[in-house]
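Engineer: So the chains spell out like this:
Protein chains: 2
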Amino acid sequence: MKITKSTISILLLSILFTAQLSAQALKTVVKNAQELDLAIKSAKPGSHIIMANGVWTDVIIKFKAEGTKEQPIVLEAETSGQVFIEGQSTLRLGGNYLEVSGLYFRNGYTPKNTVIDFRTDDDTVANHSKVTNCVIDAFTQVDRDFKDHWVQFYGKHNELSNCYIAGKSNPGPTIRVFLSGNENIYNHHQIVNNYFGERPRLGGPHGETLQIGSSFTSMTPSYTEVKNNLFEKCNGEVEIISSKSNFNEFKNNIFFECEGSLVLRHGNYAKVDGNVFIGNDNSTAIGGVRVVNTGHWITNNYFYKIRGNEFRSAIAVMNGIPKSPLNRYNQVTDVVIAYNTFIDNLIPLQFSVGTNVDKSDVLPESEIRSARPIRTVVANNLIYNHDASETTQIYGYNEVDGVKFKNNITNNKIEGDVDTDGGLTQESIELTKLSDWFYAPTKAFSDVYNGYDFNTIDKDLLGAERINNKAIGAVTFPYKTDGLVSINKSEYGPTWYKAAAPKKSKTIKVTSASALVKALNTANSGDVLEVKSGSYKISETLNIDKAITIKSSSKRQVKIEYTGAKGSALFLMLPKGNLVLDNVALKGNNTQDAFSTLDKNMSIAYNLSVNNSEISNFNTVLMSYKGSFADTIVFKNTEISDCANGIQLAGEDDDKGDYSAEFVTIENSVFENVDKNVLNYYRGGYDESTIGGTLVFKNNTVKESGAKEDSKFLLQTRGIVNLDFNGNTFKDNPTPYVIILWGEKGQKSVNNTLENSGEVKTEQNLKMKLMY
Amino acid sequence: MKITKSTISILLLSILFTAQLSAQALKTVVKNAQELDLAIKSAKPGSHIIMANGVWTDVIIKFKAEGTKEQPIVLEAETSGQVFIEGQSTLRLGGNYLEVSGLYFRNGYTPKNTVIDFRTDDDTVANHSKVTNCVIDAFTQVDRDFKDHWVQFYGKHNELSNCYIAGKSNPGPTIRVFLSGNENIYNHHQIVNNYFGERPRLGGPHGETLQIGSSFTSMTPSYTEVKNNLFEKCNGEVEIISSKSNFNEFKNNIFFECEGSLVLRHGNYAKVDGNVFIGNDNSTAIGGVRVVNTGHWITNNYFYKIRGNEFRSAIAVMNGIPKSPLNRYNQVTDVVIAYNTFIDNLIPLQFSVGTNVDKSDVLPESEIRSARPIRTVVANNLIYNHDASETTQIYGYNEVDGVKFKNNITNNKIEGDVDTDGGLTQESIELTKLSDWFYAPTKAFSDVYNGYDFNTIDKDLLGAERINNKAIGAVTFPYKTDGLVSINKSEYGPTWYKAAAPKKSKTIKVTSASALVKALNTANSGDVLEVKSGSYKISETLNIDKAITIKSSSKRQVKIEYTGAKGSALFLMLPKGNLVLDNVALKGNNTQDAFSTLDKNMSIAYNLSVNNSEISNFNTVLMSYKGSFADTIVFKNTEISDCANGIQLAGEDDDKGDYSAEFVTIENSVFENVDKNVLNYYRGGYDESTIGGTLVFKNNTVKESGAKEDSKFLLQTRGIVNLDFNGNTFKDNPTPYVIILWGEKGQKSVNNTLENSGEVKTEQNLKMKLMY
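Protein sequence lines, in the order shown, are assigned to chains A and B.
For reference, each letter of the first sequence is one residue, going 0 to 771 in numbering that gives the first Met the number 0.
For reference, each letter of the second sequence is one residue, going 0 to 771 in numbering that gives the first Met the number 0.
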């Protein structure tokens, strides 16, 4: 055949046609689980399985197939975001070159231990596969105690990208990378461009957003890459990310107001480069990077307003345990901390964090962290504090003798105790503000230290070249003004997803008991019930499963008398329940509770705020059961009287570090004639992952209470870490002790008045059950 | 200029000339240390510094210079092997691209802690540098207790090649690779083509021939390659090689009759591929590979006549300590043992080696090895035993439940207790003998198991392709007949070096005491002094610093009476002393010792063999001091009588696992009227690296002895691991106990007769001081 232009055209056309035909032939739209199964079973390289728009309930997707690099097998939503996976559903992938896209997990939870699993069974993992452009929103277990993960990585070269994931309220890291078995090492997984939305405070350990490996596989080469993600308010626990394997990389992520740290917990040689950590003035719980083990490089990061200490400091370099057991703390060695910028942090560089050499009487020798960091280099960092009184840039809980400081600069005076041998100097630094939280110096400080292998730090935080443009701090000069200088939310998560804006709240006027009950049922979350002055008899429990404010139209002129059954509660706090009472008087018949929770199915935290109110004649003011968790409980300007029990937050009795409420504030209130458990707020089990709860007990009066107290303590706060105990008056309370304070945690009695009451006792080191 | 052939020729010639000129200009011959220093200081890329032939004494070579890849700086012998480094000398290298060649270290020792160091000071390591074609022979410390290394690796990409290294008698690994500090990781050092000659038994820990890393740096990536070396009788301790870092490779080495194992002690992901381990019928101390930790691949290896058990088995897979401390035993996980050949080994595959679950009463919990191997694959191995009665191929000290056996074959019946679930089957296997110790099957067993990533095992032991030529065992079929099938010594070590052949021994006839003294002084090592029947008075100590036999020309007709000073010894055993007595009667005046050692400077072990002799009227028969070490001590057919003390081998009292003699044999001998310390043989300190000494006490008679014994035991053997206690008669000895046996080590009393003597006591678990 003679080849002419037209034959070529014909050839090309027929190739195109064949390609289209084959693509079409490989497209299968499925409408239910059965069709989906069938489509998966007959999938071939290049197959596109399209899930029809709509709600898919109780669907177990086992996506086991074999694609190829050139022709992956795709499972996707007909329209991204319009395929809702609800009920008891789960997705598992097994095989090679698989892609899942556009699914929306909501209104349900997994019946397995994971929502998305990169393996279909023990013998079949996924490789070269990805889940992208999906949402998992509040797809959380109904029971607070039930542990699961939302994404489990197995195999190699898998990807989670452009997903929005938020609202996990139960224990278990949101994302978990597994490394047990040779098929799961050298994984090179990509976790990129995701939007990790709020992970609520968990009130105990196992609330990480991402955990890579475990102590048992901490010797494995992992090479997981976590890049360009936005972590927003990932408050689950003290570790936002727990890196527990080797050679992981964390690059260009933004951690926005996350109450925790990126923790290099086990494993070695992590690269933490070009990340942004943003705190604020109000929180001391927002952390930066916590460092354990060997060989990490922490470079080009930006830390803003990290106002905490110790575990929560911008850079917390820990002490190790000499010859540490596998699951405890190895010594920090061979770490490089270079070219970071610290703006308005409390004390950004803290060393020998976690030292507990003085606790040998309460801890076994194998728990004593006495091994100080060695062979560690801190160089070319820029530390700036607008407040001229903040003059401690570096702090050592032990002697800092194994760290070499080189060419670090700061604007304020240097008054800390750590001798840097000239490695930190004061310079006249001027900053330009580039966003709410991003500041860059107005010139380059180019006298950089060239440490071993520092030439590998060849880019700055914003990607600018460093080698020929030397500058101390995370950005070179002239600086770029795009990229991580501000948060562009559209770059994270699925393009189709926007988190719902909160509805505008409305005020509903209520004038009768039945109207109150009705309004409570019909109100939207966020609404305010304004109750007219007067007396109201309520005979049935009021369920609170949304944000509701009940307030008097004038001060304390609303009196609610509860006539319900013995043992029932006036207000039953359900998951997501958020009740604010203002200017209301509650009265019982001494056999019921004012507030209580469910015992099970408390999937999501509740909040309770009582202000300017009265509570009297109840069996218990607040009865919280084991399965429940409150984020915040507030009693302010409130009088509690004539109750058998006060505020009970002691249901969590497993002694595994869990507790029943994160923040408890009791202020300007009065307790009178409360027989026992005036306040019982408890955490059992020793673990650093748990550094709550937090109790503010301030300017209150407690009188004639504790007559029937079983313990020796008027206020029971055992195991609660943070306590502000200030300005209270205790009068005529018969218990031997008013409270026992935990000295090691800095708990102090300030300006409290004791009249005819027990004493305040301080125990330096609390004996606690080890959890591991 | 017009380019013609002749201009090109001229150009070429002038280039050649310039090159030669420059090469010549860069060649510097140096004759003493000062010139050498100067030459090093002025060295440039391409410099050759030539050390003049001759003996260089007490020379400290600091070879600090900067070569380039194309033009390294070379320090070499004028003639390889003719530059002798003697006295207190050492060589250090620092900088890049340095080469040292042709030096011969002998007759001395290092005044530093190392003979050759790949760093010149704490801040300057060597990179891309090599030491090649050198010899270090018996360059050992004078004091047995002084620890050093002979080659210390720092930096990266360094090489030790074609060297002969032998005769290190003091503690400290011969070669040590250091990994502390980022400049020393990812080292890719090459230890290749070396001949590691005999490393004598050390009698304690720290006698490795090669140690790579330490527990403290066991998390570091090392990548040291140990290839094509010959290890011959490297008997220093239980570990020939101790791999304590990650990603090391051991390939194509021959381990010939080495009393130890290649031990994967700390660190993970070692590759042990294509090595040959050769034992013999006489030794149970020669081992193979001992496995701890995660991810090792042990493939294509050949094990011949490895006749030991437990630590010394061909493949010893250990139990770990759950959540082990850093310096103890991690659990074995994710290990692959595939395509190995085992010929005539006792029980080649042993699992849960080191289990000590039953020892919780004598060991702390953090010492209990109860974690069995998991996720481990044993596949495609060939096990052959010529002895049809050897029917246990696999043994488990605990249940073997974490190991998957696949497609392993053996020739004998399978009678062991381990359930392999069909993973080991009996086949009719025929072998061809290719060398003294190499056997290959006469056909391929091609039904191989294809485990995860097994396609990476693409070559066999002899380098033949595997993928398309499937075969169980270390060699495919048809097999190659060259390479590791036999030992070609010329492929190892320097080309110029041959270990000296032992001199032929001669017999010197002696007829008088003075002639005996004279002959002893003038004799060559290995000579025999044949003493005429008669009586000899010796008044001065006879120093034994070579191999000497003193024998009677007829049975016991030589009577030597020692008249030397009180407290002196008739025979003083010096380093290298090797005394054989035959048919000689020795008599003292009750104030001297028959044999003793120096207290210090016992750099090399001594040996003593007493046969058909009599020893009487000494204060002590053998007095060995702390600094001494005997390889072998023998008393056979000998009568010992009327002595205050017997055989004293208890000088080593540091309790660090050291002991005073490796092998002690007392057989067919009589002890009569020995007041105390009939035998005192002691090892203190608990450590697995020390699994000596060995005592044979057989068919002896001990009577009327121990009258003044301070301990309760007639025979004191505390801490000695191996004991053959058989056929002895004890008569009229007043001590409460004859001996205490160590039950855990299998010590038993066999056919011993006790008449009017103390009892034999067995203690199952000896309480010992932990050494770490």
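Hints in this document: simulated from the structure, not taken from any laboratory.
Wrong hints could be hidden among the right ones.
You can't tell identical chains apart in this list, so a pair holds if it fits in one copy or across any two.
[Unchecked claim] DSBU-like, lysine-lysine: derived pairs with alpha carbons at most 35 Å apart: (1) 505 - 226; (2) 40 - 599; (3) 111 - 403; (4) 625 - 322; (5) 403 - 40; (6) 155 - 250; (7) 405 - 68; (8) 502 - 40; (9) 322 - 358; (10) 550 - 497.
Note that the structure is a prediction, hence the values are computed from the model and not measured.
Engineer: So, for every hint listed, does it hold in this structure?
Structural biologist: Hint check:
Neither within a single protomer nor between protomers do residue 505 and residue 226 lie at most 35 Å apart by alpha-carbon distance, with minima of 42 Å and 79 Å respectively. In this homomeric assembly, residue 40 and residue 599 never come within 35 Å of each other (Cα to Cα): the closest approach is 39 Å inside a single copy and 79 Å across copies. Proximity of residue 111 and residue 403 under a CA criterion of 35 Å is satisfied inter-copy only: 27 Å between copies versus 49 Å inside one chain copy. In this assembly of identical chains, the alpha carbons of residue 625 and residue 322 lie at most 35 Å apart only when taken from different copies (31 Å versus 38 Å within one copy).
Only between protomers do residue 403 and residue 40 lie at most 35 Å apart by alpha-carbon distance; the minimum there is 30 Å, versus 60 Å within a single protomer. Proximity of residue 155 and residue 250 under a CA criterion of 35 Å is satisfied in both settings, with 20 Å inside one chain copy and 28 Å between copies. Taking the closest pair of Cα atoms, residue 405 and residue 68 come within 35 Å of each other only across two copies (31 Å); inside a single copy the shortest separation is 47 Å, beyond that limit. Taking identical chains as interchangeable, the C-alpha atoms of residue 502 and residue 40 are never at most 35 Å apart, the minima being 44 Å within one chain and 79 Å between chains.
With identical chains, the CA atoms of residue 322 and residue 358 are at most 35 Å apart both within one copy (18 Å) and between copies (22 Å). In this assembly of identical chains, the alpha carbons of residue 550 and residue 497 lie at most 35 Å apart only when taken from the same copy (33 Å versus 101 Å across copies).
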